[in-house]
Amino acid sequence: ILNVEQSPQSLHVQEGDSTNFTCSFPSSNFYALHWYRWETAKSPEALFVMTLNGDEKKKGRISATLNTKEGYSYLYIKGSQPEDSATYLCATQGSGNTPLVFGKGTRLSVIA
Amino acid sequence: DTEVTQTPKHLVMGMTNKKSLKCEQHMGHRAMYWYKQKAKKPPELMFVYSYEKLSINESVPSRFSPECPNSSLLNLHLHALQPEDSALYLCASSPNFNEQFFGPGTRLTVL
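So the protein lines, in turn, are chains A and B.
55 is the number that the numbering used here gives to position 52 of the first sequence; each next residue is one higher, with no gaps.
169 is the number that the numbering used here gives to position 4 of the second sequence; each next residue is one higher, with no gaps.
Quick caveat, the hints were computed from the structure, so don't treat them as lab data.
Think of the CB as a built atom: it goes at the ideal place given N, C-alpha and C, for glycine as much as any other residue.
Any given hint could turn out to be false.
[As the list claims (entries may be wrong)] Not everything, but these chain A residues come out facing chain B in the computed CB check (under 10 angstroms):
#, residue
1, N6
2, Q9
3, Y34
4, L103
5, K107
Between the sequences and the hints, there should be enough to build the whole structure, so can you do that?
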């Protein structure tokens, strides 16, 4: 994997469903993995920063895991709500405070 | 004040115009960034300022000229742009060159 790849590109779920999506990234020279939530017409909002293999972070109904050896991270949303509708971006960062490299995002729509 | 602000929210300009985008943060962050994002593409890094000095220029054409007058302010001066430069321009700041705080962006249209 040369770039940061996110799947699926878009996702529609019913309110109350749980869902997850994937971020894949090159595992070489890895320092950190960032997840952002980006609602339309607003600023991207930082959700998690993870650095260690096996890291798990949780914020309310949203959680994320990290596997640096195989180069992927999962974002989970439990009991999706309409206000969860947004684009979820992941970005990787190499060692030495290098700039973030973003994926294209997963666009989530939660239908009431 | 814990946010990054950007002005204007929308900008329409002709190819011969000169305009500027402004980004401001009062969180004491020492790194500031400009990104360009086109529809259905990831944000692409343009410039990084570290302690008010340009540290990264990702081979951006000279029609985009960044400026960091002080630690709270980052400008992007635009001159002789092309229609393909139409995009969302995002500014971000970071306290530690790691986690980044984004502004809402300026939606630029070049006619």
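Practice problem: Classify the hint on Y34(A) as holds or violated, based on whether any CB of chain B lies nearer than 10 angstroms to its CB. | Solution: Holds: closest Cβ of chain B sits about 8 angstroms from Y34(A), inside 10 angstroms.
Quiz item: Does N6(A) meet its interface restraint, that is, does its C-beta lie within less than 10 angstroms of any C-beta in chain B?
Solution: This hint holds: N6(A) lies near chain B, its Cβ roughly 9 angstroms from the closest one there, short of 10 angstroms.
Exercise. Hold the hint about K107(A) up to the distance rule: shortest CB distance to chain B must be less than 10 angstroms.
Key: holds (5 angstroms)
Practice problem: Closer than 10 angstroms between Cβ atoms is the bar; does Q9(A) clear it against chain B? Give me holds or violated. | Solution: Holds. Min distance 9 angstroms.
Quiz item: With a cut-off of 10 angstroms, does the beta carbon of L103(A) approach a beta carbon of chain B closely enough for the hint to hold?
Solution: Holds: closest Cβ of chain B sits about 6 angstroms from L103(A), inside 10 angstroms.
Hint compliance for this structure: no hint is broken.
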